[in-house]
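Visitor: Single-letter residue listing:
Protein chains: 2
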Amino acid sequence: MKPHYKVNGRIWIETEDGSFLGNGRVQLLENIQELGSLNKAAQAMEMSYKQAWDLINSINDKSRKPLVITQTGGKGGGGATLTPVGEKAVKEFHAVRKKFNKFLKEQKIHI
Amino acid sequence: MKPHYKVNGRIWIETEDGSFLGNGRVQLLENIQELGSLNKAAQAMEMSYKQAWDLINSINDKSRKPLVITQTGGKGGGGATLTPVGEKAVKEFHAVRKKFNKFLKEQKIHI
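Just so you know, the protein sequences line up as chains A and B, in that order.
Residue 5 is where the first sequence starts when you use my numbering, and the numbers rise one by one after that.
Residue 5 is where the second sequence starts when you use my numbering, and the numbers rise one by one after that.
Chain A extracted, bound-state conformation (with noise of 0.2 Å):
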């Protein structure tokens, strides 16, 4: 039988400086605006707290303006929550990722 050949991938933003952001980020970007919180943010996806704080550390950056903001001190280690710059890059980079979606379904592969 023949193989049906699809074409996949995965895409991400980057600055001069390395990666802004990719699914990872966003994803933990998507759990602070739903959480409030850094700390449940990292745990609803399995990540350390120490990892998650440094890739919002990466992020704010390499951004002019932060894209989270933290509160520090109180229960549970402080909030978190996303500033309107943060909730724009969540947007852009799902619009990016939806044509980039469409461009994979287009692609054709005859071998």
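Calculated from the structure, these hints are not laboratory results.
Please note that a few of the clues may not be correct.
Stated by the list, open to error - Distance windows between CB atoms, simulated:
#1 E38/B to S52/A: 41 to 51 Å
#2 N12/A to T76/B: 25 to 35 Å
#3 R68/B to K54/A: 43 to 53 Å
#4 N105/B to H114/A: 16 to 26 Å
Said to hold, decoys possible - Some, not all, of what chain B presents toward chain A, calculated at C-beta under 8 Å:
#5 P7
#6 K44
#7 S67
#8 K92
#9 N105
As the list claims (entries may be wrong) - Derived DSBU-like pairs (lysine-lysine); straight-line CA-CA distance at most 30 Å:
#10 K6/B to K92/A
#11 K95/B to K109/A
#12 K109/A to K69/A
#13 K6/B to K112/A
For clarity, every value in this text was computed on a predicted model and none was experimentally measured.
Note that beta-carbon positions come from the ideal geometry of N, C-alpha and C, so glycine has one too.
Given the coordinates of chain A, assemble chain B onto it according to the supplied hints.
Guide: Just chain B now, with coordinates in the frame of chain A:
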């Protein structure tokens, strides 16, 4: 200064049974085409012979006709050549990657 955001990514061809061809595998096929030997092809990309052999088996197993034919025995482990199907697969991958590079360049990110 406002950072310059760029969309980047990678693509591969897969079947129902998993990954068929990506950048690394296509590079291996091209090395085989150029060097006529699986051993030399592997060496040229700092891959072990075993690893290259496994990749070629994985590629051949997912195709109705083999992409690579190996001749066992002789000095240096025998020769390896691309079949017409193998040559076609390399061309198809490059064609899709070219379209993908165009897609990437067209994406504008405003955050």
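Visitor: Please name the hints from earlier in the document that this structure breaks, with their numbers sorted from lowest to highest.
Guide: Numbers 6, 9, 12, 13, in rising order.
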